[in-house]
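The chain contents come next:
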Amino acid sequence: MVELRDITVQNRGFTLNKISIDIKTGNCHCLIGPTGCGKTTLLEAILGLRKVKSGSIMVDGKDITALPIHKRGFSYVPQDLAIFPHLTVYENIVYGIKYGNLENKDELYKLAMELSESLGISNLLNRKAANLSGGERQRVALVRAISTGNKYLLLDEPLSSLHEGLKRELWFLLKELQKKYNFTVLMVSHDIEEATFMANHISVIIAGKLMQTGVKDEVYQYPANREVAEFFGIKNIFDAQVIGIYDGYYKAYCDMLGTEIAIPVGNVKGYEIEKGKNISFAIRSENIIIQRPDLPMKKDNILKGVIKTIYNSGPTSIVLFKPEGKELVVEITMPEFAMAKLSLKPNDEASIALRMERIFVLD
Amino acid sequence: MIFKRLAILFSISIFVIYFGLFVTLFYYWDGSLFKEILLSERTLYSIKLSLSAATIASILGLIIAIPSAYALSRYEFIGKDIVDTILELPMIVSPAAIGAMTLIFFTTPLGDWIQNNYIQFVFTFYGIVLAQFITVTGIATRLIKASMDEIPTRYENVAASLGVSPFKAFFTITLPLSKNGIIAASILTWAKAIGEFGATITVAGTMAMKTETLPIAIFLKLANANIEGTVVLIMVLVGIGLTTLYIVRVLVKRSSKIW
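Chains as they are written, first to last, in our numbering: chain A, 1 to 363; chain B, 1 to 259.
For the record, the hints were derived by calculation from the structure and aren't laboratory data. Be a bit skeptical, because a hint or two may be false.
[Unchecked claim] Selected chain A positions facing chain B (in silico; Cβ < 7 Å):
{"no.": "1", "residue": "76"}
{"no.": "2", "residue": "96"}
{"no.": "3", "residue": "241"}
[What the hints assert, rightly or not] Facing chain A, according to a computed beta carbon distance under 8 Å, are these residues of chain B, among others:
{"no.": "4", "residue": "45"}
{"no.": "5", "residue": "164"}
{"no.": "6", "residue": "168"}
{"no.": "7", "residue": "176"}
{"no.": "8", "residue": "180"}
Ideal Cβ positions, reconstructed from N, Cα and C, are used throughout, including at glycine.
Please model the complete structure; the sequences and the hints are all you need to start from.
Written out as structure tokens, the structure reads:
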């Protein structure tokens, strides 16, 4: 396990402030956040490229904060992959084994060949690295990193330059490799889809601060605060006042929407709510349902209004809904097939339901 | 289109200037004198002296320049900016001034002690090597640093993450990747050293069969108004320079194909 304790890094006016994260063995832990938030700085500090001003990095109980990079035991794949251009594919993948201070080199040579075979690059071994395609370069970088036998793999957005199809193919490949060779991955990404696919755990960093860390589903479904929710692209964030506490749920009046909202007690994380308290709550656009008149209607968290705009984005449609008597809009994402059944168009009257179990309160 | 033609015209004008100067030499060309001067013991000694001093000075310069360039390219340290700035000293200060500074150093107690206990530099072969070494090392460092700056540090970072020490990563990654820059720097360093005059004459003097390099021989011939002899020696110097550059260029091309 990698334990980061109060890591502070200063870099030209930017400060990464007291970051504490546990990266559990065998997991894929993803650091996400907007561009310039400090996620790559943190990865580089863990790797040893940046000086840690205060705090400690523990690996399997051993403090490695002061160790040089080559003694830390982290294999690193940077964004541009850094395939050594003057070497062949074979020389690249065995580079660490040949020149590194590693044990069981014979076993590692075998591992490198086995990985080359399973990643489909064994036919490229004599080729100059400069003559590889994007996908081939990714595979070479992965084989090179894993072949060292290091238990920890640090990936800095290594798939960001690939087209969607190849990127997805490598997601699956990386998952399979991780399962087979049981290494721990710490990955930096700004791609939420990539992070939620790859990771077991997610840490969200915004403006040098750790905003939220935890199990992927927990972080994704229940962002802890407005900054995290906004980073996840959640537009439906509203203010409300608690007007009642009932068995299993709170009732709050939302003036912005002009209605009462029921929020499950379980969706309020980490602090107490009392009557009269002002809160902010949010809901993902895909957790809002446009009600069909021919099906049983929901009774809680209902809003009536008109459809303002409909944008089609391939498999889904984004619907902007204007509640009755209000100026703001609520964003709804609907699958294309559901939209076809509703056959809605702008200015149609509609009724929407905010799925109670998916509403979360922001800190 | 006009811009393209203008640019090409300027590049051709450079050739015209240099080639024109070279062609001018033939006005005083005396074929019978060429063989006589070229094969004279004094000229052959000057050629040998120039080649050996320039080669030794360049090798010594590169031994210092390569690690220095790496440090300046990769690390932050106190005084880095000063070191970086002073590399240009041989270019901004006249070679004669560099030579004079060297000569003055050897008049100080420390310089005197070095000469008395280790090596006599002033008016010797070692003085030629030292003068050329001082003149070329800064330039070599600047050229190699520019080449190393082009190599992303990520290569070395990845090498380190694969368990490879910085020392090994330097020899297996940085040095091979900056090979072309180092070769180019070596050529220019050597060419600068073999043509060096001001610092060499100040430190080593003009003793025939002892410290008379080709540029000094040219100067002495011209000082004696022996223009035909000067022309022969200039042609020898130009011939050596261009032949060496051509051989190195061919070798680099071949090695690029192998790499």
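Check each numbered hint against the structure and report the violated ones by number, ascending.
Those not satisfied are hints 3, 4, 8.
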